[in-house]
Amino acid sequence: MKKIKKELKMINKVLTFLKKLVNDNSFGRYEVGLLVIAFLGRGLFLFNRWFGISEYEFLLINQKGIFAPLCHSRGDCFLPASLLLINLPRHLLRIGGTIDVFYWERIMMLTLGMISLFSLWKIASILFPKQQLLQRLFLAVLAINPQFVFVNRFITPIGIAFSLAGLGSWLLLEGGKNERKRGWIAAGLLVLLMAMFSSLQAFLVVWLILLLITAGLKSKKVDVKTLVGVLAGSMFLWLFYLYSHHLLTIRRIMPFLEDPGVINAINASRGTEINFGIPKLARILFNKGYYLIFWLARYWRQFSLSNIFSLVENSQSSLIIAAPPMLLFFAPFFVIGLFNSFRLMSRGKSWGLLAITLVLAIPTSFYQNFFHQDLFVFALLPISFYVALGLKLMEKKKAWKWFLASLLVVNVVISYYKINRDFFRSNRLINQELYQQLESND
Amino acid sequence: MIKLIKKHRLALRIGLVIIVSFLFRFWRLTEFPASLNIDEVIIGYDSYSLLKTGRDHWGKFLPLAFQSTGDYKPPILIYLMIPAIKIFGLNEFGIRFTIALIGSLTPLIVYGLVNKLFKNRSMATIAALLLAISPWHIQFSRSTFEAILALFLVILGMFLFLKSLEEKGRGLWLAGLCLSLSMYAYHAERVFVPVLLVAVAIIFWQEIWRHKKESLIALAVNFLVLIPFLFIILSPQGQTRARDSIFTNDYELTTVRLAEMEQWSGRSQWERILNGELVNTFSFWAKRYLEYSDPRYLFFKGMSYTHDKFPDVGIMYCFELVFFFGGIFYLMGNYLKINKKYKRLIFAWLLLGPIAASLANNSQHPLRSLTTIPIPQLISAVGIYGFFIAINKSKLKTVFKKGIFVLLGGMILVNVGYYLDIYYVHNPVHYSHHIMYGMKEIALYAWENRDKYDQIIIDRKFGIEDKNIVGIPFAYVLTYGKVDPLVIQRARQGNKTPLSFENFAFREIYWPKDRKLKKTLLVASFWQLSPDTIPEEQVVKIVSLYDGRPMFYLVETDVQ
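If you read the protein sequences in the order shown, they are chains A and B.
Note that the first sequence covers residues 1 to 442 in the numbering used here.
Note that the second sequence covers residues 1 to 560 in the numbering used here.
Quick caveat, the hints were computed from the structure, so don't treat them as lab data.
Accuracy of the hints is not assured; some may be wrong.
As the list claims (entries may be wrong) - Take a look, some chain B residues computed to stay more than 10 Å from chain A by CB distance:
(1) LEU16
(2) ASP244
(3) LEU331
(4) GLU556
(5) THR557
To be verified - Listed next, the in silico SDA-like pairs over lysine to any residue satisfying Cα-Cα at most 25 Å (straight line):
(6) A:LYS401 with B:VAL198
(7) B:LYS309 with A:LEU281
(8) A:LYS418 with B:ASN280
(9) A:LYS288 with A:LEU311
The beta carbon of each residue, even a glycine, is placed where N, CA and C say it ideally should be.
Looking at chain A on its own, in the form it has when it is part of the complex (with noise of 0.2 Å):
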């Protein structure tokens, strides 16, 4: 008993301690237990050849360079500047060799995948300070569900983008509230590193109107030049290096727009209309404002629960693809959330902001073809909010705890066992045999 005593002083000391180092009374065992847990979905086998290598790595091994440009099949190459944030402190150590690359790599992302979910449980306290189950439960969600667990376990920009983006918030969201330029500047800077993928350059235009609202909801007292100084800054920047490497055109952020299927649908529609003796009505409703609502189709039709909770067409070249993106038992919890949230918006601002970030979708809804799994990851953060307060809803239903226990372990199983099953049919991954190839000539 003593000795139980003792450790259980132990964890306390190392409890207040943590809690001293971040500053926040919320964090609590709870908060440690699901941090462990998420470490351990993101660590564990990290270096198992069993798990591939993703296109990203292996790019950067194949070419034992650091800077080894990152060539698109269209024939343009670009630095992807992650890449380089990353590999920076390598180089500066003079670690080198092909594997010890591939270690470095995953060990740095990984540091970055529990940064940002830490973040991110803090963006969560911030915006819902009083709603401590809510929080935990939204952490919960991120530390289990697979496809946060696989972007975190890869080197892919989209992965890096979604930690930087996480730290960003954060930051930007704590200058907010207690009126710190430094958190504004920090916040600005993240933002403008994440920037830096060609894949991702559409999402930087939603971030920064979010990275307003939220700055302007939380702010006591909105510091607008500063605001404006340092995202306009970051933008400039982002557009010359769009310009620079010849990246910034419309049709290229947005490559449905030359879809000739599309041309062909309004051509042939207005050809209809002239046969059937309305040319005037052709060319009113038949025109390149169909692009529009053809977009709108596609956006929403991302959030088709379908597409969330079940396997997704197209799912191949995402990195995990035997799965969703979100387990199937978060699908009513994340209906009753939604439809719960709508109730409360009249309680605060925080609610009516969550509802704004579905615009998150926004860039995936761009890419040709229809829908980026591994992308659209920015948009499942509102929506595991929603599945948290789904989950929280069912707090005072107890007699159903257990059973939803059980249902959640049994879908953890086979999502998890799905993954590992098919890990190598993903066109994300190269295969084993590249690796062990990669492996003997280091």
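Given chain A's structure and the hints, the job is docking chain B onto it.
Below, chain B alone, put in the same frame as chain A:
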């Protein structure tokens, strides 16, 4: 004038709903859809056969399940259509009239239902008008689909149920009767109604318990009405439809997933369970169910009037997207005076609506998911009503307020106009072959010229994109020739394969062999009777699709 309007406000509201509803369902009813589809033509002829002989075209006396094309159709609609067939004859109008009438009356029942739920006539009017102009409901009201009748009975049943709660349980048996009859009207209701009733029993158990006597009477009436139904669904014939259309027969599940499952069958027991049938089937069903929440299906492309990527219409209008979520906001936010139990009923109905459709073998099926109506319209109506109230209460200048309403009205008009354009102009061009366009022309020609030939052979397979669409040309000949039902009944009893009556035969045509037949008219698709191999003088008629593409060739053999 204003006084008069105020005095007769209710009559005006109902009048408006009726006019809009009838207009959208009856305007050019015989021309659009451009052709009677398979179900319409066979249902119409069975009804005609009942009228003339008291038997269906298979010769069965007053059946409760119509063998029809082998799918054992529900009975009520076929019996209900008899008066219209008698009055208007066996033609497009006669066949479509009954369902168009029932469809036109449904918004009125919705008015009553919403008024019972919210005690708000304005909201009831908006909901009824939304249903009156709903593409989802109009589409199936203009063709002879049993689902419209079943839906009418369900909504009427629920209206009578809510009414009976207000009247100490009086008339509960009538509500039960309507709901039971709906199960005779369409297959989807056979799954949906029992599930809805369980939800109703859970939500209103206190009220049901309070009116024990009335509830027991309703239960007894239901039981009596459903006795024949139980015999139908337990019989092998009754199970045919369920067996054919259940989702476990779906191509995706049976071929891809089960093949994948077999791949892992040699592994450990745990792996066999994790890759097993139960896990795969459940996750597949869940996907099918969740697909009904797809906003693209709901607001942009659900009706599939045109090919992929073409401008289209959802099962709800685009403008409803905002009001639908606004409606949920108002419903959840306690801004409206509504009984909590009614609120639960609305959400339960919304979630249970697609259950039956999700258990069938096609994804996103607007017809089978009609059971969700009128809840989406009701929620959108709440959103529109809430928006009006919010704007009226706001401190905006009157001019701006009026401007917003005009803008909203304009937006709705444009959206409705767009739908009408897609429905009347584009849909027939895209999918005329799917609704058997051209069959009428063939049937009329063949029937009028039947004396010229020893034999008329019509091929059942056709289609341009899909070359294996299987039609039922015999039903078109029967309908447009107004053939005496005794002729087909005798042919059916003779069990001839392939089907033939008088000098008509319905089988596959093989030109190299059939060209040698004497004095025969062959009717088949252009790819069956290729214009390259057939002498021009033997082609007596070319029947084109709606868009002008030649589809069928009518060729005579043994030309002198």
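Consistency of the hints with the structure:
no., hint, verdict
1, LEU16, "holds (27 Å)"
2, ASP244, "holds (24 Å)"
3, LEU331, "violated (8 Å)"
4, GLU556, "holds (32 Å)"
5, THR557, "holds (36 Å)"
6, A:LYS401 with B:VAL198, "holds (23 Å)"
7, B:LYS309 with A:LEU281, "holds (20 Å)"
8, A:LYS418 with B:ASN280, "holds (11 Å)"
9, A:LYS288 with A:LEU311, "violated (33 Å)"
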